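Chemist: From just these sequences and the hints, can you work out the full model?
Chain order of the listed sequences is D and E. Residues 1 to 264, numbered by the working numbering, are exactly what the first sequence covers, in order. Residues 1 to 269, numbered by the working numbering, are exactly what the second sequence covers, in order.
Rather than coming from a laboratory, the hints here were simulated on the basis of the structure. Keep in mind it's a predicted model, so treat the numbers as computed, not measured. Idealized CB from N, CA, C, for every residue including glycine.
Every beta carbon over 12 Å from chain D, so not counted as near; a handful from chain E, in silico: (1) F5; (2) F7; (3) S23; (4) V39; (5) V40; (6) R68; (7) P71; (8) L81; (9) S97; (10) A103; (11) G215; (12) L238; (13) T246.
Reference listing, derived: stretches of chain E covered by chain D, where coverage requires no fewer than 3 residues with Cβ under 8 Å from a Cβ of chain D: (14) 149–156; (15) 160–174.
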Amino acid sequence: MAQAAAAAEKWPVVAIRDLHKSFGNLDVLKGISFSAREGEVVSLIGSSGSGKSTLLRCINMLEVPDSGTVTIDGEEISLRGSKPRRQIADENQIRRIRSELGMVFQSFNLWAHLTILENVMEAPLIVQRRPRGEVHEEALAMLAKVGIREKSDSYPAQLSGGQQQRAAIARALCINPRVMLFDEPTSALDPELEVEVLRVIKVLADEGRTMILVTHDMEFARSVSDRVIFLHQGLIEEEGTPDEVFGATKSTRLKQFLNAAHHQ
Amino acid sequence: MSDDFAFWLSYLTNGKHLTWYASFQFTVFAAAFGGTLAVVFGLIGATLKNSRFLPLRIIGTIYSSIVRGVPDVLFFLFFPLAFEQGVEWIIASQVCSPEMIAAQSAAWPPCKDANWFLGTPEYLVLASVSLGLVYGAFATNVIHGALRSVPQGQLEAARAYGMSANQVLWRVHIRQMWVYALPGLSNVWMLIIKATSLLSLLQIADIVLWADRLGAPNFLPAVGLVHGDWRWRYYLVLFVFYILVTWISEKGFDAIMRRAGRGILSEAP
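Modeler: Rendered as structure tokens:
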């Protein structure tokens, strides 16, 4: 029993094996494997063009990898065909899996024609087909959690960037995601608005949610992550706990990168 | 004075004038039905143009580029006639025996039983379909452009949250497309309204035909038609009618735009 419990604890919610992806002649991912276990916060860092956003987008198949597998909660996402026409094999499967992955985009991507509340309720109602009353209550609770309950009847364009991103986080939370995927959630924000979004993400991390976070913000990656992965030119260059990666850096490339990031 | 009033009242309410007033319904119907069809054909055409399959894409492109170039008057004459004769040709291939064909003296249809009589309602529907087809080609281009104006990120977000292709299309893509399409569609609508003045080409006794008849000089006191060439006065009434319709349409489009643009045409918080 104890063994079973330990195994369950370490159950990889996201498992990626030998992922390759190229755009035209440009090899963006050259064979990446990693996993995120239940309750783990994994940060992907690296310079622009290192492939970290592409890697994140392969997890919910917004980019279909050329080869390799993505497994969510033990279920491999089925793909067919081979490069360059590799595509999703089972529309129902990918929709079911996507409905459990809460993605937060760099540019928020809230639906402009819906109010904040409608944005948060859309996927639970339309995709998960949960009862309206329940969804409404939960949506308001999530908006309260990210601190913009009073904005629920506003449209996205009427909110500041930081408020929009917090609304997008509420939208991701309201689907009760197995994993939350953050694609540079603060890169489009002014520094003073970054703080409010980072605070929300920190709260979620401390709740023990499984999260994969692509970020430029080394300090934040260090404070929030259980594990940090440094990508360089489409490969994992270094991987470990924040203390190992930032405190006892082994790779020279990571040292250079951290130095450069530090001097920004 | 009261004699004058009585004369004008009876003049303007005589049977022919009442028929004229009633014929406004044809114009309104053709505009409303033709306009609806134009949007439907526009959506279909734009979907074809956006299709991943080359043959469909070619059909959509041919439709929007060829049909836009055909003069509406010509298409108006061509389409209902071609449709009618096409149907008669199909009927003829089923019902006409050689004896019946031999007995037929007219050039068309092949035999009397294959004749398809079209009255005003049928012509009206065919006219509306013609309007829909011609202006649907314009709407195709407008909607095609509008679909491309919707921010890609929002479509991506819809996919990322598990929406099906249809849900993405109808709940986000087409829903947001209207804001970008409406200015162009309102232009198309104005053109459709103008083109409704062509209904008389299809033997429909519409407002233009009646204005022409009633305004023509006649001196038949017995039926109360007692004037010289008054056509310009009747045409003036039509001017006022079309200006009125234009004015109402603009109000209508403003209202639709406000509704469709909520949140997108960002107002101050």
